[in-house]
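Chemist: What follows is the residue order along each chain.
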Amino acid sequence: MKKLFRTAALAAAAALALSACGGGAASSPTNVSPTGEIKPREISWLLSRPADGAVINIMKKLAADYAKDHPGFSLNLITTPDRPSYIQKLETLAAANKLPELFDTDATPFARQLAQQGKMVDAEKLLKSLNVYDSYRPGALDYQRFDDGSLYMIPFQFELEFIWYNKALLQKAGVAVPKSLDDIPAMCTALRQAGITPIAIDGQDQWPLERYVAYQPFRAQGPDFIQKLKKGDAKFADAAGQKTVQWLSSLGKAKCFQDGFSAQGYSDAQNQFTSGQAAMYNIGTWELPSLATDKLNPAVRNDVDFFTLPTTAGSATAANEYVSPSGIGMAVNAKTYDPLVADFLKFALNKYPTEYAATGALSPTTNVQTTVPANATPLYKKALDKANDLGTKQAMPWDTQLDPTTNTRLQQELVLLVQGNTTPEQFTSTMDSTIAQNAPKFFK
Amino acid sequence: MLPTRSRLSVLVFLLPPLLLYGAAVLFPILQSLFLSFFSWNGISDMEFIGLANYLRMFTGDDVFWRSFFNALGYLAICLILQLGGALFVASLLTSLRRGAELIKTLYLLPAVISTVAIAFLFVRIYSIDPVGLLNQLLHWIGLGDLERAWLSDVNTVLAAVSAPEGWRFTGLYMLIIYAALLAVPKELEEAAILDGASRWQLFTKIRFPFIRPVWITTVIMATTYGLRGFDIPYLMTNGGPGQSSELLTTYMYKTAFTSTDFGYASTISVFIVIECLVAVGLILVMLKRKADA
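Protein chains in written order, with this note's numbering: chain A, 1 to 444; chain B, 1 to 293.
Derived by calculation from the structure, the hints in this document are not laboratory data.
Take the hints with a grain of salt, since some may be wrong.
Cβ pair distances, simulated, as ranges [what the hints assert, rightly or not]:
#1 B:117 x A:93: 27 to 33 Å
#2 B:217 x A:233: 56 to 62 Å
#3 A:382 x B:120: 23 to 29 Å
#4 A:314 x B:138: 27 to 33 Å
#5 A:53 x B:283: 41 to 47 Å
#6 A:192 x B:213: 56 to 62 Å
#7 A:237 x B:72: 42 to 48 Å
#8 B:203 x A:192: 33 to 39 Å
Derived lysine to aspartate or glutamate pairs resembling EDC-like cross-links, with alpha carbons at most 20 Å apart [said to hold, decoys possible]:
#9 A:441 x B:153
#10 A:441 x B:231
#11 A:255 x B:231
#12 A:441 x B:47
#13 A:98 x B:45
#14 A:89 x B:231
#15 A:253 x B:47
#16 A:243 x A:210
Using N, Cα and C, we set each Cβ at its ideal position, and we do this for glycine too.
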């Protein structure tokens with residue numbers, strides 16, 4: 001027994017020593033202009049983006065261009081589009097200290113710990129050293145920042161989230177576009193009475209429902225509420241918290257979401273809206289190619305429009321402030337940062353915006369004009385123009401803010417609250433105690 | 001009895017697989033046990049916290065207990081479908097003169113389909129909007145009142161995710177039990193029938209005692225598989241809605257890879273290992289006592 005104990009202790013010591021070795025190897029994250037010779041080699045980017053999407057296609061092309069002048073260089077793109085699987089992969093690699101040169105992450109508490117440990121290059125300094133910092137939309141950079149304002153991720157997209165709606169269905173039910181968030185429950189009741197599904201939602205992926213919990217507090221207190229809530233400094237039991245809990249409960253009571261939504265996926269929800277069964281659908285500009293071009297079902301094409309997040313009475317944020325994410329960001333591994341990585345990023349980040357805007361998407365920078373595709377409906381340009389008229393505050397998706405355990409629990413409890421399986425009181429006490437238990441570990 | 005030298009050679013040949021088993025099975029279990037005394041998120045420093053994880057698991061974690069009882073419910077449904085169904089079908093098969101091969105193959109089919117395909121298949125079967133097979137059937141036979149979103153209803157979701165797992169392996173266990181039933185000596189059965197035994201008596205007094213060793217193995221296999229069930233619930237509902245279909249295994253997985261709480265996840269996995277060992281022990285004791293009685 002004694003021997004066994006000694007072996008275990010030895011193993012523990014070895015493990016600790018190994019992890020210490022790994023951690024100590026990081027180069028300084030603030031030195032963004034490493035000197036020395038550029039030695040071409042293969043570098044990897046672990047990312048969570050659609051395999052055939054614009055970002056990957058453009059970066060592949062840029063890497064090939066770069067390799068022409070730098071024989072031996074190649075960019076290995078390893079994508080895991082499914083976000084939960086990606087996060088698991090990232091966290092496991094981070095735990096093994098095996099992160100590649102470039103990797104995607106949101107500004108999560110976990111990423112913040114990586115940054116604090118000096119494992120990521122300071123992106124603000126990097127972008128400034130490449131003379132591209134000022135070309136970025138402030139909102140696109142702000143989305144990537146940690147609470148203290150530091151920036152460690154580089155955005156490759158810029159999206160706006162709208163509530164898309166079907167004019168004909170609203171008319172049939174005799175309801176107008178909501179002026180306030182508080183109008184939505186009554187609107188749902190009227191739509192249900194007319195036999196229409198009010199809102200199509202992808203319940204399986206959970207983040208779409210989590211958007212809704214963020215809306216009321218963002219209108220009542222701006223971005224501050226979630227910043228305080230995640231640390232336990234604000235509570236669901238507070239006035240702003242109770243407002244959103246009661247609102248969500250009333251959305252559920254008015255049967256706003258399609259029946260059995262929790263087991264329905266992304267394409268199920270989209271089909272419900274584009275086939276004219278559901279009246280509303282909350283999604284971002286990344287879906288413009290399917291909602292504002294001739295790919296959209298002709299039966300609903302002329303009826304589809306969108307509105308931005310409604311305000312509330314006494315709203316702290318303006319109508320032109322809502323969810324405008326710049327997508328998952330790219331972090332640069334400090335340990336493997338060398339003249340080659342720096343030089344490639346300089347090459348790629350300068351050329352990327354033009355290529356990206358040509359695909360019809362909104363660039364995270366303001367120095368290029370997005371090309372409206374030839375098959376677009378007038379709605380396409382209307383949506384793009386909204387990017388020029390944004391306020392300074394933005395609603396952050398809560399899944400990038402909360403610690404992972406609280407986030408998982410919140411996603412679960414939201415479904416129960418909206419389905420009427422728990423009361424607002426139960427929801428409040430469960431969530432407040434979950435935050436109290438888990439937040440301190442991440443926000444010490 | 002083997003001569004000494006050849007016994008030694010047998011041991012020599014047994015050693016490599018034993019070492020492999022030790023490295024692949026025992027070592028990770030010991031490592032989990034070790035990690036369960038620490039607080040560690042993968043990138044932080046490992047902090048020794050003694051029994052705090054165990055204390056939290058047993059006294060301060062409502063999701064753990066919820067998952068535990070869900071896992072027992074899941075196990076019960078799987079066992080009834082797998083063992084009950086298998087025994088029933090195998091008994092019927094023995095009295096079939098023709099077509100037994102075809103039926104056997106049909107029952108075995110689900111066991112060879114990939115889990116992901118089964119999960120997606122059943123998500124469609126349970127769907128309400130668009131109407132899936134189950135709700136459509138209920139509608140046709142006049143039980144329209146029972147139509148519901150089976151996977152979104154907290155009262156039905158556990159049974160709904162257990163059924164595919166049960167259905168999937170019924171064929172496999174049926175095959176094992178059928179083979180055992182075929183081995184029951186015909187002359188014993190004929191003698192019993194001559195003595196006036198009913199079909200039920202024939203089954204309880206002759207057939208079942210004869211297949212008991214196989215039955216014990218099957219029960220142990222089905223129970224340990226049931227306790228380790230993970231993929232179908234994870235793929236179909238991811239434990240939801242709420243924690244209604246959360247099992248210990250899915251909860252452990254989320255704790256490790258979503259919450260990055262590797263220490264606490266190890267604590268849960270240690271519990272699962274012990275739970276499986278206890279279950280196997282209980283089965284052996286119960287069935288042995290029955291055999292002795």
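Chemist: Does each hint hold? Answer for all of them.
Modeler: Hint check results:
no.	hint	result
1	B:117 x A:93: 27 to 33 Å	29 Å, holds
2	B:217 x A:233: 56 to 62 Å	57 Å, holds
3	A:382 x B:120: 23 to 29 Å	37 Å, violated
4	A:314 x B:138: 27 to 33 Å	49 Å, violated
5	A:53 x B:283: 41 to 47 Å	52 Å, violated
6	A:192 x B:213: 56 to 62 Å	60 Å, holds
7	A:237 x B:72: 42 to 48 Å	34 Å, violated
8	B:203 x A:192: 33 to 39 Å	55 Å, violated
9	A:441 x B:153	34 Å, violated
10	A:441 x B:231	30 Å, violated
11	A:255 x B:231	31 Å, violated
12	A:441 x B:47	12 Å, holds
13	A:98 x B:45	17 Å, holds
14	A:89 x B:231	18 Å, holds
15	A:253 x B:47	46 Å, violated
16	A:243 x A:210	15 Å, holds
Consistency note: the structure conflicts with the earlier hints numbered 3, 4, 5, 7, 8, 9, 10, 11 and 15.
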